[in-house]
Every structure is written in C-alpha cells, then in structure tokens.
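Peer 1: Sequence:
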Amino acid sequence: MYDYDNAPERDLIRRARRGDAKAFARLYSEIYRDLYRFALCMLRHPQEAEDAVSEAVIAAYENITSLRKESSFKSWIFTILNNACRRALTKRSRERKITDDADTYPGVAAGAEPDYAQREDIRRALELLDEEERMIVAFSVFGGYRSEEIAEMLNKNASSVRSRKKRALEKMRVSLGSTV
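Numbering-wise (full-length UniProt numbering), the sequence shown opens with residue 1 and increments by one.
Note that these hints are calculated values from the structure, not bench results.
Calculated pairs, EDC-like style, for lysine to aspartate or glutamate (alpha carbon to alpha carbon, straight line, at most 16 angstroms):
1. Lys74 / Asp11
2. Lys165 / Glu149
3. Lys171 / Glu133
4. Lys171 / Asp121
5. Lys156 / Glu133
6. Lys156 / Glu131
7. Lys74 / Glu152
8. Lys165 / Glu132
9. Lys74 / Glu9
10. Lys165 / Asp130
11. Lys69 / Glu9
12. Lys22 / Asp3
13. Lys166 / Glu133
14. Lys166 / Glu131
15. Lys91 / Glu131
16. Lys69 / Asp11
17. Lys165 / Glu152
Please model the complete structure; the sequences and the hints are all you need to start from.
Peer 2: Rendered as structure tokens:
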C-alpha cells in the first residue's frame, strides 16, 4: 500500500496527474491553509473565501493534467485561486450595485482566535490596498512567493512587483502604526 502521508510532493503531483485522487487530496491538505488565507485576504469574507478555494480546487483537480511542470504546482493552483477570487469580486461588485447591502463584509468568522482586535486592524490595513497590492502582499505573505514568482503569475516585471509590495507594506505599516 502506498504511504501518502510520507510521499514527496513531486511524487504526489505525478500520481495526481495520472488520476490518483488520494494523491491530489494529500496535496490539497498540505496547501489548504495557505489557499484559504490568500482567499480571505482577497475577499475579506470567510464564506466567499471557502467558496473560492472550493472552486479553485475543483478546477485544479479537473485540469491537473495541464500542469506542465511539477515544480510549479503551488504557483499554478494559486493562480487558479486568484482567478476564482477575481470572479467572486466581480460578482460581488455587480450584486452590490443592485442591492447596496451594508453587510457585505461581516468581519471574521465566529470562533475566531483571541487576537481579534489585531486581526481586525490588519484587515482594515489590507482594505486600504488596491486589488493588485493586496494580491502581491497575499502571494508574498500567505503563499511565500518571491517577487520573481509573483511577477510571473501576474505577468508583471519583478522590479515593479518589489516596488508595489514595498509601497503596499508601507501603507499597511502607517495604518497599523496608528493602532499599535
């Protein structure tokens, strides 16, 4: 019997590309937390983040055979998630125009960790960023990507990504400086 718990990532990716659902499930379990954090950062709503992650994971599972290099699995699935988040934001924008609902961003889910005030401050600081700045910060902080990798995913110049990241983090620092 194959030991999915101790398998190297590249082996799991190869198996998943050949249709092994257990291998894909193991890959998903390893990356879920980072995917959710990224989606929550982008969408700022727990249920929408869950939905975007689910949509991205289903799309990744259905299209894993199109993954060209095993080494790029993480950036590939984050790109799929980024696209799912963008679709959710577009949908929300259209719905907001129709309903103008004041409860669009209800905050952090019930049962949140004790540092709620700090999380709320960070959430507010992230809201000051435009969509691209939020993406860059999320890819960097939650995905652990280098500027070069982010640039490739966003079809941008690496120095532009570094510059945008620096400005975005400075905006957040200034915002958090008034609350820290």
